[in-house]
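These protein sequence lines are chains A and B, in that order. Take the first sequence: its position 70, counted from the start at 1, is 70 in my numbering, and no numbers get skipped. Residues are numbered in my numbering as their position in the second sequence, beginning at 1, plus a constant of 144.
Treat the hints with caution; some may be incorrect.
What the hints assert, rightly or not - Example chain B residues on the side facing chain A (calculated, C-beta under 10 Å, incomplete):
(1) Leu235
(2) Tyr241
(3) Leu369
What the hints assert, rightly or not - Chain A residues, not near chain B, derived (Cβ > 10 Å throughout):
(4) Val24
(5) Gly25
(6) Asp29
(7) Lys35
(8) Asp62
(9) Ala66
(10) Glu87
(11) Val102
(12) Glu115
(13) Asp121
(14) Ser127
(15) Gln129
Worth flagging that the hints you see were computed from the coordinates, not collected in a lab. Quick reminder that beta carbons are idealized off the backbone N, C-alpha and C, glycines included.
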Amino acid sequence: MNNRVALIPILAALVVGPAAGQTVGHFYDVDKEVKIEGVVRQISLEPRYKGTAPFLVLSVEDSRDAKRYSVEVSPSWFFNQDIHGGEKVTVVGSLAGGPGEVPTVIAREVRWRGETFILRDKRGFPSWQGGPQRKRGIRRFGSF
Amino acid sequence: MKRRNVFLFFVLPFLGVFVFFSLASFLGQADLKKRTEILVRDQLLATADILRVTVSHLLDEGTPPDETLESALSGEDLYFMALLDADRNILAWNSRYEGYLPLSLREARPGESGIIDSPAGKIFSELSTLTIKDGRRFHLYLGYTMSGMEEMIALSRRTAFLLSGLILLAGALFFRGLFQLQSRFMAKAREAEAERLEKERFREISAFTSGVAHEIKNPLNSLALLLELLLRKAPPETRGNLELGKSQVRTIARIVDRFSSAVKPVRPVATALDLGDVLRLAAGSFAAEDPESSTRLCVEVEPGIRLTGDGDLLVQALLNLLKNAAEASSSTPVRVEGRRKKKKVEIWVRDRGPGIPPQAITRVFEPFYTTKEKGMGIGLFLAKKIVEAHGGTIEARSREGEGTEFRIELPGA
Chain A
1 MNNRVALIPI
11 LAALVVGPAA
21 GQTVGHFYDV
31 DKEVKIEGVV
41 RQISLEPRYK
51 GTAPFLVLSV
61 EDSRDAKRYS
71 VEVSPSWFFN
81 QDIHGGEKVT
91 VVGSLAGGPG
101 EVPTVIAREV
111 RWRGETFILR
121 DKRGFPSWQG
131 GPQRKRGIRR
141 FGSF
Chain B
145 MKRRNVFLFF
155 VLPFLGVFVF
165 FSLASFLGQA
175 DLKKRTEILV
185 RDQLLATADI
195 LRVTVSHLLD
205 EGTPPDETLE
215 SALSGEDLYF
225 MALLDADRNI
235 LAWNSRYEGY
245 LPLSLREARP
255 GESGIIDSPA
265 GKIFSELSTL
275 TIKDGRRFHL
285 YLGYTMSGME
295 EMIALSRRTA
305 FLLSGLILLA
315 GALFFRGLFQ
325 LQSRFMAKAR
335 EAEAERLEKE
345 RFREISAFTS
355 GVAHEIKNPL
365 NSLALLLELL
375 LRKAPPETRG
385 NLELGKSQVR
395 TIARIVDRFS
405 SAVKPVRPVA
415 TALDLGDVLR
425 LAAGSFAAED
435 PESSTRLCVE
445 VEPGIRLTGD
455 GDLLVQALLN
465 LLKNAAEASS
475 STPVRVEGRR
485 KKKKVEIWVR
495 DRGPGIPPQA
505 ITRVFEPFYT
515 TKEKGMGIGL
525 FLAKKIVEAH
535 GGTIEARSRE
545 GEGTEFRIEL
555 PGA
């Protein structure tokens with residue numbers, strides 16, 4: 001079975017799951033930063049925050065202890081890269097309350113194919129949000 | 145004033161004032177920022193107090209934490225908000241940005257406030273404690289945007305930059321103008337100095353020439369008289385030589401007269417004149433002196449042009465110009481035109497001769513300057529003196545191979 005699945009938005013949209021049950025702890029907690037080095041096992045697009053585009057979520061298996069993490073990368077339009085299952089990635093992010101038993105990591109930095117992608121700043125501010133010109137309404141979170 | 149002095153007295157003080165203005169503006173900006181921050185902080189603390197009371201009230205009523213936050217939310221200025229229990233477990237939170245809640249629970253101290261720099265601008269954050277009626281304690285974490293303040297400071301900074309730019313631009317334009325004015329003034333001063341020196345030199349030459357002429361003319365008169373007497377008594381075979389001697393003496397006398405007239409000041413006796421009469425008189429004099437060349441002369445004048453001046457002197461000046469033109473062109477016509485130009489009178493004398501080289505055209509009115517073998521360099525100089533004594537101007541233009549034209553401008557009557 002070919003596990004190198006190209007991330008094509010149309011196909012990816014088919015694997016979008018239902019809205020994940022969020023927990024109140026699902027935010028970028030600066031006190032809970034971790035670093036994971038592992039292999040991408042599954043790629044999906046999931047609606048993570050109300051009113052926003054689906055997020056790219058990677059299921060990453062840690063190379064050290066084979067533990068699985070659900071890595072929340074960014075809105076799919078922001079991380080516009082052709083990532084495949086089986087590829088090695090290094091993720092720096094914050095442990096957050098996830099939808100299931102699988103721990104969730106909100107990624108701040110993703111290193112992949114020798115490149116580093118900065119997704120958030122050190123406090124967790126999303127890079128795709130731009131500057132002060134882009135005003136948006138408050139995102140509801142934690143009350144799903 | 146020299147350029148260096150202009151720089152010292154004008155540019156340096158301007159730059160000093162500009163630097164002082166910039167420094168004052170910069171310090172003013174810093175002070176404004178500090179004061180505004182304090183003001184905004186106080187205002188946000190007051191807003192946070194109100195929000196805290198609202199949240200306490202909602203919790204007292206038994207509203208769940210998530211609904212409490214939802215109900216308490218107000219305005220676009222709130223970037224994030226979190227409700228924590230007494231053990232600092234997050235009960236509910238909201239954020240304008242996905243997953244962004246920049247709270248370090250390890251470091252946070254209740255009652256503390258601070259300013260967080262985020263890519264979206266400065267955020268005023270505060271962690272405060274609230275106790276509801278049943279005694280339970282909560283923490284409320286708030287983050288307000290300070291974009292209004294930043295916009296105001298940015299506007300003030302932009303205004304200061306714009307003002308500085310305008311001052312610099314105005315200064316640059318002013319000093320450019322000043323330097324140009326100074327350059328023009330310097331050029332005029334140099335010209336005036338050269339003219340003064342020239343006049344002084346001319347006065348010296350005049351005095352010398354007048355003296356020499358006076359000293360020569362007396363013996364010349366005696367010599368002419370003596371030759372006349374000898375001619376009466378001389379035998380016929382020597383009369384030819386004596387006639388030649390007499391003629392040579394007359395030539396010397398004429399040259400001395402011309403030199404004398406060149407150095408004498410011109411004092412016109414002004415009367416009302418008709419330009420046509422003046423030009424015709426000049427043409428008549430020219431015909432009398434040089435009948436052959438006068439056939440090439442063509443005079444055109446608008447009728448009824450009146451001017452005030454000394455007729456004899458003006459005729460003399462024109463005659464000199466005509467002789468000069470005729471000598472410059474051996475067979476081509478010499479044209480004289482007279483016309484009115486607004487309140488002035490214009491006279492043009494044109495020849496179709498070989499023209500005057502550019503290096504010589506600027507010197508044609510200088511005394512004793514000539515390019516002709518037989519000339520003395522007095523005719524054009526005298527013409528200029530006469531025209532200027534009438535309050536007019538004279539200029540020469542020439543193109544090599546195409547001829548020369550002299551333009552006289554005189555005040556009209």
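A quick look at each hint next to the structure:
Annotation: leucine 235 (chain B) was flagged as interfacial toward chain A, and the flag holds, the nearest CB pair being 6 Å apart, inside 10 Å. Hint status for tyrosine 241 (chain B) relative to chain A: holds, with the closest Cβ pair at about 5 Å, below 10 Å. Hint on leucine 369 (chain B) is violated. Least Cβ distance to chain A is approximately 110 Å, over the 10 Å limit. The beta carbon of valine 24 (chain A) sits about 5 Å from the closest Cβ of chain B, which is not more than 10 Å, so the claim that it is off the interface is violated.
With a least CB separation of 6 Å from chain B, glycine 25 (chain A) falls inside the 10 Å interface cut-off, contrary to its annotation. Annotated as non-interface, aspartate 29 (chain A) brings its C-beta within 10 Å of a C-beta of chain B; the closest such distance is 8 Å. Look at lysine 35 (chain A): its CB is around 18 Å from the nearest CB on chain B, clear of 10 Å, so calling it non-interface holds up. For aspartate 62 (chain A), the non-interface assignment is confirmed: its Cβ lies about 21 Å from the closest Cβ of chain B, beyond the 10 Å cut-off.
Consistency note on alanine 66 (chain A): stated as away from chain B, and its beta-carbon is indeed over 10 Å from all of that chain's, at 27 Å minimum. No Cβ of chain B approaches the Cβ of glutamate 87 (chain A) within 10 Å, the least distance being about 24 Å, so the stated non-interface status holds. Distance check for valine 102 (chain A) against chain B: the nearest CB is about 17 Å away, which clears 10 Å, and the non-interface claim stands. At roughly 21 Å, the least C-beta separation between glutamate 115 (chain A) and chain B is larger than 10 Å, which holds for a residue marked as non-interface.
The claim that aspartate 121 (chain A) is not at the interface with chain B is violated, since a C-beta of that chain comes within 10 Å of its own (minimum 6 Å). For serine 127 (chain A), the shortest C-beta to C-beta distance to chain B comes to about 8 Å, within the 10 Å cut-off, and the non-interface label is violated. At the 10 Å boundary, the C-beta of glutamine 129 (chain A) falls inside the reach of chain B, the nearest C-beta of that chain being 5 Å off.
The structure fails to meet hints 3, 4, 5, 6, 13, 14, 15 from the earlier list, while all remaining hints are met.
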